[in-house]
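Residue strings, one per chain:
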Amino acid sequence: MTFHEADLIVVGGGPAGMAAAAQGAELGLSVILIDDGEQPGGQVYRAEATGMYSKSGVHTAANKTAGMRLREALFKCGTRVLSKRTLWSIEPGYTAHLIGPNGPETVSAPRVVIASGAYERQIPFPGWTNPEVIGLAAATILLKSQHTLPGKRIAIAGAGPLIYAVAAEAISLGGEIVAIADLSSRLTWASEVPKLFTSPRLLSQGAAWMAKIKASGTPIYFSHRISEAQYTGKNITALLSPVNSEGELVDGQRKSVNVDTICIGSGLVPATELVMLAGAEMRYAASEGGWVPVRDTEMRLSLPGLYAAGDGTGILGAIPSEIEGRLAAATAAKDAGISEGAAHSIARAMRRKLAWKKMAGRAAARLMAIKPKMAKDIPGDCIVCRCEDVHRYDIEAAIDNGAKDVNQVKAWTRCGMGPCQGRMCRESAAEIIASRVGSREAVGVWTSRAPLKPINVSELIGDYSYQDIPMPKSAPL
Amino acid sequence: MGSTTALYLARGGMKVSLIDRGSIAREASGVNAGTLTMHMTRADLIPYAMRGWEMWRDADQWLGLKSGITTTDGLCLAFTEEEADMLRQRSEVRRAAGAPIRIIDRSEARRIEPSLTEKVRLAAHCPIDGHVSAYLTGMAYRRALISDGVNIMERAGVTGIDDLGYGYQINTLAGTIQARRIVLAGGAWLGQMLSWLGINIRIRSLVNQLIVTERLPVTMRTVITVASGLLSLKQFANGTTLIGGGWQGAGGPERNTMSIIPENMIGNTRLAAYAIPALKKTRVVRAWLGPEAETDDAMPIIGPVPGRPGAFVIGSVHSGYTSGPYMGRLMADFILGRESEHPLFPVDRLIKNTLEA
Ligand SMILES: Cc1cc2nc3c(=O)[nH]c(=O)nc-3n(C[C@H](O)[C@H](O)[C@H](O)COP(=O)(O)OP(=O)(O)OC[C@H]3O[C@@H](n4cnc5c(N)ncnc54)[C@H](O)[C@@H]3O)c2cc1C
Ligand SMILES: Cc1cc2nc3c(=O)[nH]c(=O)nc-3n(C[C@H](O)[C@H](O)[C@H](O)COP(=O)(O)OP(=O)(O)OC[C@H]3O[C@@H](n4cnc5c(N)ncnc54)[C@H](O)[C@@H]3O)c2cc1C
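Top line first, the protein sequences correspond to chains A and B.
This note's numbering applies: residue 339 is where the first sequence begins, and numbers increase by one.
This note's numbering applies: residue -15 is where the second sequence begins, and numbers increase by one.
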């Protein structure tokens, strides 16, 4: 097993992680960055697969430059970049356990910046488990990294800027977007857009997306969501239904669209599994995306030596994530007593910048936040947990039998026990339980367990002979 | 064990409250491997485990638990000559204690379990092994307890017990309650509970590790264990496999203090994949830890609390999920003044030891 040591471990190679690593190294810390992607980049600055070149791309241009700048800084700064590695467990102190092309590896450092990003929230509807229905993130990977269209005739539904990003990119590549269903109303957008002025880049990007969508004549249905998707011959018919501001279905005209692909995503949820596994304190903040770690203004978590930055701490967007990454690394350097003066002034500058830049990020986060009645209309016979085939009625039955929190429901129904480890159904299951038992705080959050992502047994155990098994003492007879 | 004791006391006509600081069956009894096995049971506990196995088999009758119970063959393996000797010796002792275990050779073992490695040297076979999905335990018990009139008090952590002379006052975070009799069944927290009644004996907490894999296309039909007792492995009806065997984690017994020791996770998985090579094609989805009590002699404490009339204790039972229901019934029978089929395990032996030490 390979063993590495450093002053600082950075987990995640998105904007927050790349910036943290570069800043940390610049201040004189020895840094190791761990990321499970082929190359650092994370969600928004996802590197193109080798040999790919962009044919068009309305929105990638600005992102690509920003991403390249961060990647360059990262590779120049002397950080050891461990790509294609998944951190699957962490021990206090801190020792991180990785799995990757070289099998198991461990990395030790007294300080860790967690920049694990976010994943999508999916709210189930009948038909959402069909293979033609994919997440916006998966669509983005196809579009950004492979320059491939997810389908020819596409419906896009969900919340926040992402639906428009995916639509614009697909149109650029020649796809037909049959309809866009936006959970938010035109009015909500009108009240949040002014806050995006703090981020001119976002604003111009948004304007470019909207221009592209408008030019293609794609219809946008505000205050709508997909309530059902059914096969009609080779294609699939999505039913777009009107919703109110709480996300609840309401009477009104519904619209059927015939497509071959549906891309969905009802906002982003901070990926907090690692923070929770480490045992840091959490709080629930719906407007920031859900359960988030408790932090001080300099990015420290409740445990010594642990820091967190970026979308994994509350949905922010790429630019504030980068600033948070720098701030976290400067704080870590300060706490380590390395380049204290420089670290201090960087931390101060970053804190000021953050306050301003966060406004746009939080506006986008609010657009993507869970709506109070979003899970209300999931029918009883609809699958909530696709890994384990758990229906809404199974969850309801567990509550009838006395389950009072999400972990108890998990034990009694297997909801969230499958290979996706509950990332897909965490939100909808918690909403269903909270609607009967009390608040999201009261029903809690699924316990985070190692391994943080499924590990191939063959990679974990490697080649070994019987003597290589570190056998403990025999059990008593 | 507290839940079964409560259930049978209620069925015996007593008015019973079951107090738990969390929800019932969420600690050891809700997170354990659920292996029902004679091969891993301590020899002296075999008669109890066999009764426990029967109770699990018939759990639809007395507990109303209909799903998640599988009874099947168990194989215990040896891979080296040293282990083969150990297997012969241990199997003989367990057989003498009443378990229907016999030694078989490699080819017979592989006939019984075709997915077994050819590297097995010797095996022992037992026709009465099996497994239960432990995570369903709490749901079944809750229904049974409620329908038999047990007052379930959850989220009522006990902070201390006062001996009133004519009974006990139990102080909980959710208020106090008085009772003529009290049964301590605190699992890994049993030592603390006994100290409330002035009994100080050493009970350590093991932190047992379990690993679950993704669904595996190959079907394993038996429960696999090894001579040293360091592996328990089986496949559930949904295709997932569960790897256990008492490998340890760090911390404990409180849930948020336990953490995986990765070397042990790798070691346990290596041993499992050595026995069933098809496991190499699957993925580890999740690992977790659970606390289990162990006394100095690693034997149960079940019986009256010395010098405290009306107070009883039950716990620290090795492979205590297998025999748990029977142990609980035994405890209830004793309290109800009925004759017990097998002797209890009085705590007195450990108190004497402490004085001598
Ligand atoms: C589909 C999609 C499109 C988006 N488009 C835009 C956009 O156009 N403009 C914009 O401003 N924002 C966009 N966002 C939001 C933007 O991605 C985030 O705000 C930003 O990427 C957050 O940066 P981050 O560093 O916090 O996390 P991320 O960029 O998500 O990076 C986290 C990285 O950590 C890795 N990681 C996590 N856990 C582990 C682990 N245990 N082991 C190893 N690696 C791990 C992840 O794989 C990932 O590479 C988009 C988000 C998504 C999901
Ligand atoms: C990971 C693991 C795997 C195992 N695998 C197997 C197996 O495969 N086969 C087998 O036969 N056995 C197995 N065992 C052993 C078996 O699970 C235990 O022997 C058995 O479940 C113990 O039951 P119990 O009732 O004594 O303890 P528990 O089930 O732990 O119950 C103790 C209860 O006391 C409560 N409590 C504690 N303190 C207080 C307080 N202050 N106030 C109120 N309530 C309190 C707790 O909340 C808990 O509900 C395993 C154990 C573990 C941990």
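Treat the hints as calculated values from the structure; they're not laboratory data.
Remember, it's a predicted structure, so these values are computed and weren't measured experimentally.
Among the clues, some could well be false.
As the list claims (entries may be wrong) - With a straight-line Cα cutoff of 25 Å, these simulated SDA-like cross-link-like pairs (lysine to any residue) come out:
| hint | chain 1 | residue 1 | chain 2 | residue 2 |
| --- | --- | --- | --- | --- |
| 1 | A | Lys811 | B | Glu66 |
| 2 | A | Lys791 | B | Ala27 |
| 3 | A | Lys422 | A | Gln759 |
Against the structure, the hints:
1. Lys811(A) with Glu66(B): 14 Å, holds
2. Lys791(A) with Ala27(B): 40 Å, violated
3. Lys422(A) with Gln759(A): Roughly 20 Å separates the two Cα atoms, so the pair holds.
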